[in-house]
Amino acid sequence: MQHFDVVIVGGGHGGAQAAIALRTQGFAGSIAIVGREDEPPYERPPLSKEYLAQEKPFERLYLRPREYWADKQVELLLGREVTAVDPAARQLTCADGSALTYGELIWATGGDPRQLSCPGSDLAGIHYVRTRADVDALMAELPQVTRAVVIGGGYIGLEAAAVLSKLGKQVTLLEALPRVLARVAGEDLSRFYEAEHRAHGVDLRTGMAVEGIEGEGRVSGVKLADGTVIPADVVIVGIGIIPSIGVLLEAGAAGGNGVDVDEQCRTNLPHVFAIGDCAAHANGFADGAVIRLESVQNANDMATVVAKVITGQDASYGATPWFWSNQYDLKLQTVGLSTGHDATVLRGDPAARSFSVIYLKGGKVIALDSVNCAKDYAQGRKLVEQRIAVDPVALADTAIPLKDLIPAS
Numbered sequence: 002m003q004h005f006d007v008v009i010v011g012g013g014h015g016g017a018q019a020a021i022a023l024r025t026q027g028f029a030g031s032i033a034i035v036g037r038e039d040e041p042p043y044e045r046p047p048l049s050k051e052y053l054a055q056e057k058p059f060e061r062l063y064l065r066p067r068e069y070w071a072d073k074q075v076e077l078l079l080g081r082e083v084t085a086v087d088p089a090a091r092q093l094t095c096a097d098g099s100a101l102t103y104g105e106l107i108w109a110t111g112g113d114p115r116q117l118s119c120p121g122s123d124l125a126g127i128h129y130v131r132t133r134a135d136v137d138a139l140m141a142e143l144p145q146v147t148r149a150v151v152i153g154g155g156y157i158g159l160e161a162a163a164v165l166s167k168l169g170k171q172v173t174l175l176e177a178l179p180r181v182l183a184r185v186a187g188e189d190l191s192r193f194y195e196a197e198h199r200a201h202g203v204d205l206r207t208g209m210a211v212e213g214i215e216g217e218g219r220v221s222g223v224k225l226a227d228g229t230v231i232p233a234d235v236v237i238v239g240i241g242i243i244p245s246i247g248v249l250l251e252a253g254a255a256g257g258n259g260v261d262v263d264e265q266c267r268t269n270l271p272h273v274f275a276i277g278d279c280a281a282h283a284n285g286f287a288d289g290a291v292i293r294l295e296s297v298q299n300a301n302d303m304a305t306v307v308a309k310v311i312t313g314q315d316a317s318y319g320a321t322p323w324f325w326s327n328q329y330d331l332k333l334q335t336v337g338l339s340t341g342h343d344a345t346v347l348r349g350d351p352a353a354r355s356f357s358v359i360y361l362k363g364g365k366v367i368a369l370d371s372v373n374c375a376k377d378y379a380q381g382r383k384l385v386e387q388r389i390a391v392d393p394v395a396l397a398d399t400a401i402p403l404k405d406l407i408p409a410s
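Sequential numbering from 2 applies to the sequence shown in this note's numbering.
Treat each hint with caution, since some may be false.
[Stated by the list, open to error] Computed Cβ-Cβ distance ranges for the label pairs, DEER-style:
1. Lys167 with Ser118: 23 to 33 Å
2. Cys119 with Glu188: 24 to 34 Å
3. Asp204 with Gly98: 24 to 34 Å
4. Gly289 with Gly169: 29 to 39 Å
5. Ala409 with Pro58: 24 to 34 Å
[Claimed, not checked] Quick list of in silico lysine to aspartate or glutamate cross-link-like pairs, EDC-like style, CA-CA up to 20 Å:
6. Lys404 with Glu386
7. Lys376 with Asp330
8. Lys332 with Glu56
9. Lys57 with Asp330
10. Lys167 with Asp234
11. Lys332 with Asp6
12. Lys50 with Asp343
13. Lys170 with Asp123
14. Lys50 with Asp113
15. Lys383 with Asp405
16. Lys309 with Asp6
17. Lys50 with Glu188
18. Lys376 with Asp398
19. Lys224 with Asp123
20. Lys170 with Asp234
21. Lys383 with Asp288
22. Lys170 with Asp137
23. Lys50 with Asp137
24. Lys167 with Asp204
25. Lys332 with Glu188
26. Lys224 with Asp204
27. Lys332 with Glu212
28. Lys309 with Glu264
29. Lys224 with Glu212
30. Lys167 with Asp330
31. Lys57 with Glu44
32. Lys57 with Asp137
33. Lys365 with Asp330
34. Lys167 with Glu40
35. Lys309 with Asp263
36. Lys57 with Glu76
37. Lys170 with Glu142
38. Lys332 with Glu295
39. Lys167 with Glu51
These aren't lab readings, by the way, just hints derived from the structure by calculation. Ideal placement from N, C-alpha and C gives every residue a C-beta, glycine not left out.
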């Protein structure tokens, strides 16, 4: 049976960064990454953007060249799925019957796409966007596709709709809530993106509940709750993810919507850490609420904390959340968490396609969404990090740089 000083389960951003950070921090012990896919660690965000658009070949998505892992003596155990954890024996069992033991375990499995549960959800032609194989399967069908329906108005759905529109497909996007991005952004940003997608020819419909998928063997249409059927040659679903933590919960880990971790990303199981999309943690930018953050930044920052803890350093997670999304020629950059805001300030003119939405709570800046406005994003970061109270009139005045609103220390 193989033994490694550190076993990392999950070959995404968090898992890769954990191995990289361990070596950077001088860790000399043995390291293995157990990955469910056959590919070495690669970038996930471009899957719904440049890769789907066929603007970037897959080889350019690798987080490190293939030879890097051998050079750094990180063993890649690919095409393996962990099915059981024995924390007392510090042992993992895989679906292929193999087993290995660990000194420290880092759980970095992310999540799996939330599946449709309506009638017809098992038909061919329904796709999810999470892995290379998912997108390859979708791309293989696109030459025969005229009409595409995207279910879900979050970032994955909007990014996929933008790419499909750019590829010349007839795209209908369905969102069950009254506006797109409703869970993560204010109304100004939602309405801007709705208008942009419609201007690019996307038939974007909000407040639309899906009743079922129609077709004989393969999808032919999407049926709405009001009985309307939208013809479809292909359906792309982006309705969130479910954290991949079942194996850890069965082993006794605490959690629900994510596995619970402390400031050092430790679970309640001895010698077991969890990082990234699957880790539920108390976040200072959410007023201490226990949340999961689905972002590359979060996965990387947590991985670095764990590497420092394993190498005996004093480290705790408290990084500033930030995100991005590319749609058409629009670059959205977000810093902070807008959840719970009680006021917004619109800075700039959405019609000019360069503006920011600033979120306040109790008069203090808690988050910032900047569209094609990198200067606001860079300068507004400190307003968010320090939760600075600023006059909304000054925030809205584009003649005043945001950096000028930061009090002198």
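Going through the hints against the structure:
no.	hint	in the structure
1	Lys167 with Ser118: 23 to 33 Å	31 Å, holds
2	Cys119 with Glu188: 24 to 34 Å	28 Å, holds
3	Asp204 with Gly98: 24 to 34 Å	49 Å, violated
4	Gly289 with Gly169: 29 to 39 Å	48 Å, violated
5	Ala409 with Pro58: 24 to 34 Å	49 Å, violated
6	Lys404 with Glu386	13 Å, holds
7	Lys376 with Asp330	17 Å, holds
8	Lys332 with Glu56	17 Å, holds
9	Lys57 with Asp330	16 Å, holds
10	Lys167 with Asp234	17 Å, holds
11	Lys332 with Asp6	41 Å, violated
12	Lys50 with Asp343	33 Å, violated
13	Lys170 with Asp123	23 Å, violated
14	Lys50 with Asp113	19 Å, holds
15	Lys383 with Asp405	11 Å, holds
16	Lys309 with Asp6	15 Å, holds
17	Lys50 with Glu188	24 Å, violated
18	Lys376 with Asp398	14 Å, holds
19	Lys224 with Asp123	15 Å, holds
20	Lys170 with Asp234	10 Å, holds
21	Lys383 with Asp288	17 Å, holds
22	Lys170 with Asp137	17 Å, holds
23	Lys50 with Asp137	13 Å, holds
24	Lys167 with Asp204	14 Å, holds
25	Lys332 with Glu188	18 Å, holds
26	Lys224 with Asp204	15 Å, holds
27	Lys332 with Glu212	33 Å, violated
28	Lys309 with Glu264	12 Å, holds
29	Lys224 with Glu212	5 Å, holds
30	Lys167 with Asp330	11 Å, holds
31	Lys57 with Glu44	12 Å, holds
32	Lys57 with Asp137	13 Å, holds
33	Lys365 with Asp330	31 Å, violated
34	Lys167 with Glu40	28 Å, violated
35	Lys309 with Asp263	15 Å, holds
36	Lys57 with Glu76	27 Å, violated
37	Lys170 with Glu142	12 Å, holds
38	Lys332 with Glu295	18 Å, holds
39	Lys167 with Glu51	11 Å, holds
Consistency with the previously given hints fails for numbers 3, 4, 5, 11, 12, 13, 17, 27, 33, 34 and 36, ordered from lowest to highest.
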